[in-house]
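> The primary structure of each chain is shown beneath.
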Amino acid sequence: NAGVTQTPKFQVLKTGQSMTLQCAQDMNHEYMSWYRQDPGMGLRLIHYSVGAGITDQGEVPNGYNVSRSTTEDFPLRLLSAAPSQTSVYFCASSSWPSSTDTQYFGPGTRLTVL
Amino acid sequence: DQQVKQNSPSLSVQEGRISILNCDYTNSMFDYFLWYKKYPAEGPTFLISISSIKDKNEDGRFTVFLNKSAKHLSLHIVPSQPGDSAVYFCAASARRYTDKLIFGTGTRLQVFP
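So the protein lines, in turn, are chains A and B.
Quick note on my numbering: the first sequence kicks off at 1 and runs consecutively.
Quick note on my numbering: the second sequence kicks off at 115 and runs consecutively.
Simulated from the structure, these hints should not be mistaken for lab results.
Glycine residues also receive a C-beta, built at the ideal position from the N, C-alpha and C atoms.
Any given hint could turn out to be false.
Restraint-style ranges between C-beta atoms, simulated for each label pair [claimed, not checked]: (1) B:Phe160 with A:Gly53: 38 to 44 Å; (2) A:Asn28 with B:Ser124: 23 to 29 Å; (3) B:Glu129 with A:Glu59: 44 to 50 Å; (4) B:Pro196 with A:Gly3: 41 to 47 Å; (5) A:Gly3 with B:Ser124: 27 to 33 Å; (6) B:Pro154 with A:Ser95: 26 to 32 Å; (7) A:Leu79 with B:Val192: 47 to 53 Å.
With the hints as constraints, model all of the structure from the sequences given.
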């Protein structure tokens with residue numbers, strides 16, 4: 001049982017480049033979310049989804065897009081990377097209806113934008 | 115505006131002693147609270163939670179206390195072990211109103227022999 005997987009583990013981008021961070025879970029969870037972790041800021045919610053075809057914004061959604069076409073996958077897209085998006089990104093999933101049920105986190109993607 | 119605050123960025127405790135990690139919140143709508151533990155290069159893992167209808171929840175060496183009037187919760191680890199060395203995040207949610215989980219900034223716990 002793989003749980004929550006994230007790819008890539010590390011990525012370096014130049015300002016203005018685009019990329020997609022991949023997230024997949026094999027637990028049939030309805031709820032998935034993306035967080036970023038910055039020093040002194042804790043984990044901040046970027047976007048979340050309560051099921052396929054349904055997404056909503058978190059605390060810091062600007063500069064990021066998401067879609068949820070399947071239960072398993074929840075990719076995070078950076079359309080035009082900026083240095084302020086340098087961070088560690090975590091994907092998480094949990095069963096529905098409560099997002100406060102135990103969330104399972106992936107190992108993270110460390111992104112550097114030059 | 116930080117709705118969930120962990121004012122101590124770090125804590126150092128001797129093995130076998132009690133570790134007390136604190137968390138304050140400002141939103142009176144929060145009614146569910148969780149603690150997560152995070153090792154370097156790994157994602158956070160769930161540790162323990164508490165609903166606002168309780169003031170204490172215990173799981174082995176870990177106990178969470180909730181003081182709603184003070185908008186304060188704490189995590190007690192007794193006895194502390196070197197393997198407990200990690201960053202601990204508290205998180206809160208207003209289950210009736212939102213799906214969002216708001217995290218604190220984290221406290222790095224170091225347990226030394």
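> Are any of the numbered hints broken by this structure? If so, which, sorted upward?
Hint check: 1, 2, 3 and 4 fail, others pass.
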